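Residue numbers (this note's numbering), protein chains in the order written: chain Z, -4 to 149; chain D, 72 to 351.
Among the hints, erroneous ones may be present.
[As the list claims (entries may be wrong)] Below, in silico cross-link-like pairs of lysine-lysine (DSSO-like), each with a Cα-Cα straight-line distance of 27 Å or less:
1) Z:Lys115 - Z:Lys14
2) Z:Lys14 - D:Lys110
3) Z:Lys51 - Z:Lys66
4) D:Lys124 - D:Lys110
5) Z:Lys30 - Z:Lys66
6) Z:Lys14 - Z:Lys30
7) Z:Lys51 - D:Lys81
8) Z:Lys14 - Z:Lys51
9) Z:Lys14 - D:Lys217
10) D:Lys81 - Z:Lys66
11) Z:Lys30 - D:Lys110
12) Z:Lys30 - Z:Lys51
13) D:Lys124 - Z:Lys66
14) Z:Lys14 - D:Lys124
15) Z:Lys51 - D:Lys110
16) Z:Lys66 - D:Lys347
17) D:Lys124 - D:Lys81
18) Z:Lys51 - D:Lys217
19) Z:Lys30 - Z:Lys115
Since the hints were derived computationally from the structure, they do not count as laboratory data. Every value quoted in this text rests on a predicted model; they were computed, and no experiment measured them.
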Amino acid sequence: MRHLITANVNGRERELSVKSNQTLLEVLRDDLRLKGTREGCSVGVCGSCTVLVDGKPVSSCLMLASNAEGKEVLTIEGLARDGNLDPVQQAFLDHQAFQCGFCTPGMIMAVKGLLNENPKPDEAEVRDYLSGNICRCGTYVEVMAAVEELTGKT
Amino acid sequence: MRNFDLLEPKTVAEACRMLGAGDEVRPVSGGTALLILVKQGLLRPHTLVNLKKLEGANAITREGAGAVRIEAMATIHEVETSPVVREHLPVLAAACHQVANIRIRHLATIGGNLAHGDHQSDPPGVLVALGAEVELSGAGGVRTLKLADFLLGTYETALEPGEMVTAVTVPPVEGRLVGDYLKFTTGSSEERPCAGITALVRLEGERAAEARLAVGAVASRPLLLCQADPSETDLEVMADRAAEEIDPIPDLRGSADYKRHLVRVLGRRALAAAWKEAVT
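Just chain Z, with the same shape it has in the complex (with noise of 0.2 Å):
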C-alpha cells in the first residue's frame, strides 16, 4: 500500500509516495538519495539516523515516512547555506569532534536540536541531552568542546 504525502524537506516543498511499511530514515536515503543520514543500530538506541522533524530530533529509523505528512524533515544535508557550513558544523569541524564520522551526521542534528530546545544549555543538560548519541571511536570530550563554544562557554 502507499500513501501520498506532502512533506518539506531541507526547505524544499516534496509530493513523496510511501510504502506502508517505510520508515522515514529509508525515503531519505532510499528514495531521496540524502545519505548523510546514517542507519546504525536500527532501533533508536544510537541516534546515528537522528534528523530533526519540526526542529524536534527523532530517530528516523523507527518513525513511519507517513507521518511526516505536512512535517518539515531537516537532514545533515541542509544545514550548509551558500556554500558556508552552520555553525554546529563548523565547531564540530574547529575541534575535530569526530573521527570515523559514521555518528556525526546525528551527532550534528541532536545538537541542533538541543539548541533549538534550549541555546545556552549547561554543561548537565548538554550531557542528559546527548547520552543517547552513540560514539564508538569515543570523540565526546571533543563534542562536548564543540557545543561548549557554540553555547559561548569557552
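Using the hints, position chain D against chain Z.
Positioned in the frame of chain Z, the structure of chain D alone reads:
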C-alpha cells in the same frame, strides 16, 4: 521491514472499527516499541492502524475538579514539558524525562506506552503511584479502568479487541504530594530501568496523611504499597515489605535476588527523601 498495510483513521470510532477486524490488525502510534518488534520478526501484523493522525489526540488539560487528563497520543516529551504536568504532577514530568532518549521521547506516546504493556518502562509505575485511570474506547463505547487493573502482565493489558487507549487521567489529590521518581539502570543512563521507584508522601496541611511506594520495571506489573498516617519508622517497613512481596523477573539487568535487594535499598532511599521533603 516486513510488509504491512497502514490504515489511517481520522476519528477514534473509525480507528476502533479497523482494530476490531482481527488479531493481525494492530495499532501503532509513535512506533518506537511496535516497529522494533516488527523489525525483529516477533510480531507479524498484516495491517497496522496509525493512530498518530487522529485529530486533537494529544492535549493535556486540567479539568474542573483538579484531575489532569492526558490524551493518549501526547508524546512522552509533551508530557514531560507540559506546564500542567510540571505544576501539578512534577513526579510524572521527572519520570518521563528519564524515558529512553530525547528522540524516542519525541516519537513515543503515553497511550502507546501503557497499551504496549512492557513492564521495563518508567511511566507505568509512577502513574500507578498517582492512582491514574485509563480511558478505553471501543465499539461498545467508553470505559474507564484503574491503570493498576489495566496492566495485567508483561505485554498483557485489559484491552479488548477493537479497543484503544484514548486518555490517561490522574484524579485530583486531597492535599498535596511530595516525593520523586528514582530510576536505576545497570547499563548506560538512557537504558531501560532495572528498577523504577516512586515514593510519595501525601500531605494534608502539615500532616503526613499517606505514604505511597510504587515499584516499576521489576515484576511483570507495578507493585503499589500505601500506608495511612505514616511515621518515619513505617517507611523502612514499607520498603522491606515491597522487597518481600515483589516477584522480580530475572534478566540481563540482574538476578531476582539482586532486584529484590535493589527494591529494599532504593525503596528506603526514595521514601526517606520524600519524607525529608515532607517534613521540611
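Verification of the hints:
1. At most 27 Å may separate the alpha-carbon atoms for a hinted pair to count; Lys115 (chain Z) and Lys14 (chain Z) exceed this at roughly 40 Å.
2. Between Lys14 (chain Z) and Lys110 (chain D) the CA atoms are separated by roughly 15 Å; this keeps the pair inside 27 Å, and the hint holds.
3. For the given pair, Lys51 (chain Z) sits about 11 Å from Lys66 (chain Z) by alpha-carbon distance, which is consistent with the 27 Å threshold.
4. At most 27 Å may separate the alpha-carbon atoms for a hinted pair to count; Lys124 (chain D) and Lys110 (chain D) meet this at roughly 22 Å.
5. With a C-alpha separation of about 20 Å, the suggested pairing of Lys30 (chain Z) with Lys66 (chain Z) holds against the 27 Å cut-off.
6. About 19 Å separates the Cα atoms of Lys14 (chain Z) and Lys30 (chain Z), which keeps this hinted pair within 27 Å; it holds.
7. A threshold of 27 Å between alpha carbons decides the hint, and for Lys51 (chain Z) with Lys81 (chain D) the separation of about 24 Å falls inside it, so the pair holds.
8. The hinted pair formed by Lys14 (chain Z) and Lys51 (chain Z) meets the criterion: a straight-line CA distance of about 24 Å does not exceed 27 Å.
9. Proposed proximity of Lys14 (chain Z) and Lys217 (chain D) is contradicted: the alpha carbons are some 38 Å apart, above 27 Å.
10. With a CA separation close to 17 Å, the supplied pair Lys81 (chain D) and Lys66 (chain Z) stays within the 27 Å bound.
11. Of the pairs offered as hints, the one joining Lys30 (chain Z) and Lys110 (chain D) holds, with about 21 Å between alpha carbons and a cut-off of 27 Å not exceeded.
12. A C-alpha spacing of about 20 Å is found between Lys30 (chain Z) and Lys51 (chain Z), which places the hinted pair at or below 27 Å, so the restraint holds.
13. At most 27 Å may separate the alpha-carbon atoms for a hinted pair to count; Lys124 (chain D) and Lys66 (chain Z) meet this at roughly 12 Å.
14. Simply put, Lys14 (chain Z) and Lys124 (chain D) have alpha-carbon atoms about 16 Å apart, close enough for the 27 Å limit, and the pair holds.
15. Using a Cα cut-off of 27 Å, the hinted pair Lys51 (chain Z) and Lys110 (chain D) holds, with the two alpha carbons roughly 24 Å apart.
16. Of the pairs offered as hints, the one joining Lys66 (chain Z) and Lys347 (chain D) is violated, with about 46 Å between alpha carbons and a cut-off of 27 Å exceeded.
17. A threshold of 27 Å between alpha carbons decides the hint, and for Lys124 (chain D) with Lys81 (chain D) the separation of about 6 Å falls inside it, so the pair holds.
18. At roughly 33 Å between alpha-carbon atoms, Lys51 (chain Z) and Lys217 (chain D) are farther apart than 27 Å, so this suggested pair is violated.
19. Proximity of Lys30 (chain Z) to Lys115 (chain Z) is assessed by CA-CA distance (about 31 Å); at most 27 Å being required, the pair is judged violated.
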